[in-house]
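2 protein chains.
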Amino acid sequence: MRSKAVVLLSGGLDSAVTLYMARAGGYECYGITFDYGQRHKIEIGSARKIAAAAGIKLSVVRLEMPWKGSTLFSGSGKVPVKRSMRRISNGIPSTYVPARNTVFLSIAVSYAEAISADAVFIGAHSEDSSGYPDCRVEYLRAFDYTVGLGTERGIKGKLRIISPIISMKKKEIVKIGVSLGVPFDRTWSCYNGLKAPCRVCDSCILRAKGFKEAGVKDPLLERYG
Amino acid sequence: MRSKAVVLLSGGLDSAVTLYMARAGGYECYGITFDYGQRHKIEIGSARKIAAAAGIKLSVVRLEMPWKGSTLFSGSGKVPVKRSMRRISNGIPSTYVPARNTVFLSIAVSYAEAISADAVFIGAHSEDSSGYPDCRVEYLRAFDYTVGLGTERGIKGKLRIISPIISMKKKEIVKIGVSLGVPFDRTWSCYNGLKAPCRVCDSCILRAKGFKEAGVKDPLLERYG
Numbered sequence: 097m098r099s100k101a102v103v104l105l106s107g108g109l110d111s112a113v114t115l116y117m118a119r120a121g122g123y124e125c126y127g128i129t130f131d132y133g134q135r136h137k138i139e140i141g142s143a144r145k146i147a148a149a150a151g152i153k154l155s156v157v158r159l160e161m162p163w164k165g166s167t168l169f170s171g172s173g174k175v176p177v178k179r180s181m182r183r184i185s186n187g188i189p190s191t192y193v194p195a196r197n198t199v200f201l202s203i204a205v206s207y208a209e210a211i212s213a214d215a216v217f218i219g220a221h222s223e224d225s226s227g228y229p230d231c232r233v234e235y236l237r238a239f240d241y242t243v244g245l246g247t248e249r250g251i252k253g254k255l256r257i258i259s260p261i262i263s264m265k266k267k268e269i270v271k272i273g274v275s276l277g278v279p280f281d282r283t284w285s286c287y288n289g290l291k292a293p294c295r296v297c298d299s300c301i302l303r304a305k306g307f308k309e310a311g312v313k314d315p316l317l318e319r320y321g
Numbered sequence: 097m098r099s100k101a102v103v104l105l106s107g108g109l110d111s112a113v114t115l116y117m118a119r120a121g122g123y124e125c126y127g128i129t130f131d132y133g134q135r136h137k138i139e140i141g142s143a144r145k146i147a148a149a150a151g152i153k154l155s156v157v158r159l160e161m162p163w164k165g166s167t168l169f170s171g172s173g174k175v176p177v178k179r180s181m182r183r184i185s186n187g188i189p190s191t192y193v194p195a196r197n198t199v200f201l202s203i204a205v206s207y208a209e210a211i212s213a214d215a216v217f218i219g220a221h222s223e224d225s226s227g228y229p230d231c232r233v234e235y236l237r238a239f240d241y242t243v244g245l246g247t248e249r250g251i252k253g254k255l256r257i258i259s260p261i262i263s264m265k266k267k268e269i270v271k272i273g274v275s276l277g278v279p280f281d282r283t284w285s286c287y288n289g290l291k292a293p294c295r296v297c298d299s300c301i302l303r304a305k306g307f308k309e310a311g312v313k314d315p316l317l318e319r320y321g
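In order, the protein sequences belong to chains A and B.
Add 96 to a position in the first sequence, counting from 1, and you land on the number used in this note's numbering.
Add 96 to a position in the second sequence, counting from 1, and you land on the number used in this note's numbering.
Chain A extracted, bound-state conformation:
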């Protein structure tokens, strides 16, 4: 019997590559994504498309937290656009969702316990997230340690948190994704809820940079011409 893995899918590029890496590593993958009142439901749709392309089950967890804390949460607040790369790495961005990775990882761990999975994969990486405390390797290592103490499978040494792209640059992630056949045209990165990628928000800029440096055309942008 193959080992099972729960894979956090955001609908974005990083988590899609992470899924394909987990699959290539021999895991039977179970996707999980969140409907937590984010402004753009397009992310959930993208996660569904990626899961369908990979031929895996996707569980959508509904989470209603009656407080806000980020410009990504709801209609209020403006998503920062056209910020330079320099400013992205200064301090904690205003798009920070309070303890988001901790919440998502915890629920993924609950799922992993329920289906007796051996791993939870998360596509966190530090390059485009240097301002987010919960995208750092020290944090993920501490969370992994905590799971090893606080879960039934963890105390048996059977549940690990794996973040395979944590130290990669975007261009490397793109290259690996290409080699594994990741359906990039189904991934969504833009922070602004338009019908086409805005090409000016932090996330669009980093994505474009990654594809450019990898020497690959972004199939998503190709589609929008």
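Hints are supplied without guarantee of correctness; some may be wrong.
[Unchecked claim] Partial chain B-side listing against chain A, Cβ under 7 angstroms, derived:
id, residue
1, Gly151
2, Ser155
3, Val157
4, Leu159
5, Ala195
6, Ile203
7, Tyr207
8, Tyr241
9, Thr242
10, Thr247
11, Ile251
[Unchecked claim] Listed next, with one range per pair, are the computed distances between beta-carbon atoms:
id, chain 1, residue 1, chain 2, residue 2, range
12, B, Val312, A, Gly151, 56 to 66 angstroms
13, A, Gly253, B, Ser263, 24 to 34 angstroms
14, B, Trp163, A, Pro162, 21 to 31 angstroms
15, B, Pro162, A, Ala149, 55 to 65 angstroms
16, A, Ala120, B, Val233, 51 to 61 angstroms
To be clear, the hints were calculated from the coordinates, so they are not data collected in a lab.
Treat the numbers as computed from the prediction; the structure is a model and nothing was measured.
All C-beta atoms, glycine included, are put in the ideal place defined by N, C-alpha and C.
Starting from the structure of chain A, add chain B where the hints point.
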């Protein structure tokens, strides 16, 4: 300005005493409870009553995880009754909800970040939970460490996980509760979803033992005669 604390309320005795301890410690308290598909909505009602008695705000977080893993989750499965105290402490009880404290704590931490709280209080304690890996002090210490790395307030040293009753016996918890005026008649411990406490499930038995050893009558049982 007083320090804020988020307090996890389950509707039970332990978390109610924890709330009154946090309040007595000078914190401005914000309650949080979960509607996560548990079988008995009476717990949420009890949390509301306790919050009202303490004069604090209560946030109810709705969480739909489309998998099960515990007999406490839904109508399927039977809650174990009349188990001896000995059997309670052997291994992991079948009432284990996968990674529940990790999920609840993470969401409480998100709330704490959103309202700039300094602490999250959890009424975990090891006596009646020795089978639950996520009620142990090592686990809570690791979680606290993780929060210190993975949150905005944590990295500033401004967010702690506090479990004031972790090492107490039930009788001590009852005694402290009495001294702080905890409205025990509003708390609910029974695992079986009846109108009155069943008095035979693990939780009822431990509660009765605590009150007996503290030499105090349980106002909840008094009410049901």
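Which hint numbers doesn't this structure obey?
Of the numbered hints, 1, 15 and 16 do not hold.
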